[in-house]
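Asker: Listed below, chain by chain, are the residues.
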Amino acid sequence: MLYREAGDFKTSYQADNQTFPIRFDRVGLRVVLVLALGVVPFFINDYWANAVALPFLIYAIAAIGLNILVGFCGQVSLGTGGFMAVGAYATYKLMTAFPEVSIIIHVLLAGGITAGVGVLFGLPSLRIKGFYLAVATLAAQFFLVWLFNRVPWFYNYSASGQISAPEREVLGYAVTGPNAEAWVTYLFCLLFLIFAAVVARNLTRGTMGRSWMGIRDMDIAAEIIGVNPLSAKLSAFAVSSFFIGIAGSLFFAVYLGAVEVGEAFGINKSFLVLFMIIIGGLGRIGGSLMGAAFLVLLPVLLKNVLVGSLGWPTDLAAHLEFMIVGALIVTFLVAEPHGLAQLWRVAKEKLRLWPFPH
Amino acid sequence: MPDQLLFAMEVFLNGLMAGVLYALVALGFVLIYKASGIFNYAQGVMALFAALTLVGIMEGQVPFSHLINAVFGTEIHHFGWHLPAVVAIVLTGVVMIALAWAVNRFIFRHLVGQEPIILFMATIGLAYFMEGVGDIMWGADIKKLDVGLPQGINTWIDESTYEIFGYGFFIDNLDLWATGIAAALVIALTIFSQYSKQGRALRAVADDHQAALSVGISLNYIWVLVWSIAGFVALVAGIMWGTKSGVQFSLSLIALKALPVLMLGGFTSIPGAIVGGLIIGVGEKLFEFAIGPLVGGATENWFAYVLALLFLVFRPQGLFGERIIERV
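If you read the protein sequences in the order shown, they are chains E and B. Going letter by letter, the first sequence gives residues 611 to 968 in the working numbering. Going letter by letter, the second sequence gives residues 17 to 344 in the working numbering.
It is possible that some hints are incorrect.
Stated by the list, open to error - Beta-carbon label-pair distances, calculated as ranges:
hint, chain 1, residue 1, chain 2, residue 2, range
1, E, E833, B, R339, 13 to 21 Å
2, E, F619, B, R125, 48 to 56 Å
3, B, D224, E, L733, 49 to 57 Å
These are computed hints drawn from the structure, not numbers from a lab. Computed from a prediction, not measured in an experiment: that's the story for all the values here. We put the CB at the ideal spot given by N, CA and C, even for glycine.
Take these sequences, add in the hints, and give me the full structure.
Answerer: Next up, the structure:
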């Protein structure tokens, strides 16, 4: 009834091309934003922040980043974990080297450094394509993790080989360190997610995004009609790594606080983020959010049901989780290759015609 | 001869042996890729699954005992028999064939005509699924696998090299056996694909799906066949690695070691898989021996990838791969 274009008149090109063309969507978005920014912080506690909210926000940023590379530019990357590690270690080095600078700047700078590393490992993509590239990005994954593990300069020669975030404040509230409160960390990550989503959405519908999609759909044809593959591929690697670096930085500094690189940023992290964008929907910004939410909530749910309610052993639940995630990936690829975002879109199409579908 | 050179030679030989084991895993990848264009990430997990099943059958474990015990509150673990290795290997082979059939029936038949990258991601999902199933079926603890292959230092090589160089080389018997078995496997597969009717059909499918269909070759049959063969190769690899380092989760990671081997050798070439395996095996051992101590060690984790990456920049199709021709 409410969900339709009728009566929602557009009088300019700008209005015609907006992200949410239907008024109901725009109102809905505002309601969600008000809830997320204005209501949730008053109710969030440590359990919800650490088990659900922070992982969701941070993985969503990483998924948006990876989606730009895989979903929009068609360059499959299995190096997400390694790039997140770059973001984390860059933040650590910056935090300890320049303690007086604001953490917000550190996080953004860490993203920038990761973008540089991403471009470096993206260079082979000009020669290598498809699977070969996917496997080549594994070189980034293993090399970077090894580098942070073995070169003591990166962890400031600490005896344990771990890095841990010192306490930093924004506007007088601790964001990192043991004294950070749940609502502060939540808001901090949420603002970065909103920033990432807005930037990503606007990049992907502009010139840059179109050249990415051209490269994805057929690189030779795109080159012939004037897309420069060098700048298109490398910019995709740069933007993607920038967001992934921010995610890694937040993952270390705000969420975990202390990190051992092989454990926190191993190959499994790369696959996890890849799964998020497959389940969510390749080439859809909203899909990244849905995929991240799904794969963050699923283990929490399974654990609560299997271990909490049924009393099964934890390891059995963990193996079942593997099985279910694997089966879901396959099911999605078979039944709905475009992911949750496509289901959402179909639902909206149906809703527009409801209740008179003919 | 200087000691350093002798050490390097020993490292070189051990690298060759390790390379054979990498090649064994890579072989399974190449077979499936050639026949169906699917890059099967799950090959390593298939090796793990095969090894787990083999141990489970030999020891008479009850499959899914963990799950059954958790659901029904029972306490069952073993049937209480010990099967001889040969029988268990045959039974595991049957399980792998059933798996091949199921994979085709429930996954890849529905994905015909999808983009290669979608198929690749499906195999990642399959890998996760099988890892979970394997662990639930047989338990996640580290198991010992002993099918009667000899292990330990080969005294003959040790003694004869001691006589020649005054320094005995340490070569594991198991590695020698693995080399022999891998060589036999490659020869058998080559003969099979060159001279048997099924082998010819297999190569026809690899060449062109539609043309193969039009001359009456059943794609479903060929795919089940090739997945079964890959399952068999995985079983052999699983036995070798399982005997060497115990049947455990890390076995599935050998798939990751096989990837650079494939890149180096080319995805479509069986000799490429062997040569690539040897290069990677020797390269990473020698690099660790010569450069490793200078940069903090454990370079084996990434050396193969970086080598393959640098190599690909100059030759994108690998050593023996078919030339990539792009058309619009």
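Asker: Are the hints correct? Go through all of them and say.
Answerer: Hint-by-hint comparison with the structure:
no., hint, in the structure
1, E/E833 <-> B/R339: 13 to 21 Å, "20 Å, holds"
2, E/F619 <-> B/R125: 48 to 56 Å, "49 Å, holds"
3, B/D224 <-> E/L733: 49 to 57 Å, "34 Å, violated"
Taken one by one, the earlier hints fail for this structure only at number 3.
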